[in-house]
Amino acid sequence: MNRRNFVAAAAKTVAAAGMAALLAGTALAADTIKLGAVAPKTGPLAGGSTVTHWPSIQLWVKQTNDKGGLTLKDGQKKIELIEYDDKTDPGEHIKAVQRAITQDEVDFLIAPYGTGFNVAVAPIYAKYGYPQIAVTSISDLVGELTERYPGLFFTLGDTTSFVNGVKDILVKMRDEGTIGNKIAMVNVADAFGIELADVARPIFTEAGFDIVYDKSYPLGTPDLSPVVKGAKAANPDAFVAWSYPPDTFAITEQAAIEDLDVKAFYTAVATAFPAYGGKFGSKINGVLGAGGVNPDTPAIAEYRKAHKEITGQEADYWASANTYASMQILGQAIEAVGSTDREAVTQYLKENEFDTIMGPIVFDEQISNRFWTVGQWQDGVFRGVASSNIDGAVPVIAKPGWE
Amino acid sequence: MDIIISGLLLGGTYALMAMGLNLQYGVARIMNLANGEMLVLGALAAFTFYVSIQLSPLLTMFIVAPAAFLLNWLIYRFLLRPLVRRAKNQGQLEVDSILATFGMSFALVGIMVSIQGGYFTYSFLADPFSILGTTVALNRLIAFIMAVIIGLALYLWLHRSRPGMAVRAVAVSSDASKLVGINVVRVSALAFALGGAITAVGGTLISTFITLDASIGVIFTMKALIIVIMGGVGDIRGAIIAAAILGLVETAVASLIDPGLTLAAAYLIFLLVLLFRPQGLFGRRAT
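Top to bottom, those sequences are chains W and H.
Each residue of the first sequence is one higher than the last, beginning at 14 in this note's numbering.
Each residue of the second sequence is one higher than the last, beginning at 40 in this note's numbering.
All clues given are correct.
Incomplete in silico selection of chain W near chain H, CB under 8 Å:
id : residue
1  : 55
2  : 57
3  : 202
4  : 228
5  : 229
6  : 242
7  : 243
8  : 266
9  : 271
10 : 288
Hints in this document: simulated from the structure, not taken from any laboratory.
Glycine included, every Cβ here is placed at the ideal spot set by N, Cα and C.
When you get a sec, could you build the whole thing from the sequences and use the hints?
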């Protein structure tokens, strides 16, 4: 057998095995609820989605299946999770969603990871009538989007309330005499950072702050020391970085090295990652960041413990819990409707209250107003210090220096 | 002063990214698009050893270098050698090797994701260090010193030893090298493997101050390509000087004008070099 024949034979065998698996899948389909999940496993957003997005989905599916599945009118049904890697590429993402809908014929889809992706796929979800409970998606367009897409729900807040959370904390620290008026602000030059900085500029100014340093840097900048040095030279009282995961780490490390001594130090996405605490240890005591959680409530404590046990990694201190809560919401809506009727489930989502690990969640015009905005590292735990409608925020402390 | 020191340190980082590719492309004629992935692989090793057994990346380096050398030698021997043999001319080999290594980069990303899907982040020597009144990070300084050592060693080896001379001869003309009795196949494999080892060691060092993840390799490939082409293909001095220029200019622009313009400045220099010296700073004009 020459090489070409061998390859052809091998291909046939694989194809046959694939067909067999496919047939087996079809036979099972009637007894399961198919959930499609499309999100990055590779590409620029993979580092974040493998911390925040995938583990919570897998945890919920495992826990639900362990207790027998979801109870529908015609009996209990287990969840069959179908995962696709979108390679952090919107084109790939849309292809995978279409494949999940038309070929795998999934009953429901889990909303993607990242603001851009959630906005990009909303038309497809709407076209096929799939509810979309977006989690990791923050934008000031939420009102407009929910009006346009009746099956689209938001759970993590909008840009303005996000920035207002930071402003409120800074105002509080100023009123307490911890910090003065001068803010140094930097942002990553991509959609997320630019939108936040644009919203923050007037909000900070209106609150009486003086923005003494205001610069952006390209995503993936290998050396952020000029940025941190520049901010330090402006002699600010507070430092705010609308940053993304790799630069959140880099800015913090540079700030410690340059000894950027501010009483309020804020970095955005990834500050809530356990890896952030793991990397910097006690140095980052008092660092403020996007997100937060109240780890002392029994539901959250239990969730974090299960997350660690089952997925082998720690949940982050922000959207991990929201992601899990979104799965609970979807599961409860399916059970309440008693079938996989997507239209009925969407309607149910709009009209009812859901019992989640983050407490009761209701959608007002498809938007949940229950989320954390600012957290702070305090003695090795990233605790919520500002929220929208969640109790349990702890008082903010002044950053004690980089030791 | 601040700018010169920070700029040189950044240049050292860039040199670590590009020296390996320079050898691979300049001598073995393989346009290795999986260069960045090899770098990230070195970083992954540093991260894994550091978090599991607290092994210092400076020691991991000595594991990474031979392992990467072997891996790259095998890659050349079994994946790329058939392409070299089949290629009728250099243009065809370049196209084939771009496609092959592009595919390889996906395979490497997949393997690394299955080992560690999140960020490779840890803290190693993230302490301030003062040179001439400028505060720099100790881990960056060490990476810079290592870049200088590797660059110097490579330069001396290439210019003062017999195997080094053979490597340079192949870089100039593989056909003529054959005529004078150089085993071109072996020298090419050696250059490719050595290049891979340098890149992987670079990754190990870079991981001490840049947070990487499994998919970030392509960014390093791009940067390395720019530096190699700017410096002149097949000349190690060119890569080092181009890396230093890029580091200095980016730091100067970020400090004096605006951090947002660093990328633009880097591409502007690249463009100028391409316009006025298309063969690169140290490159030979194509015959």
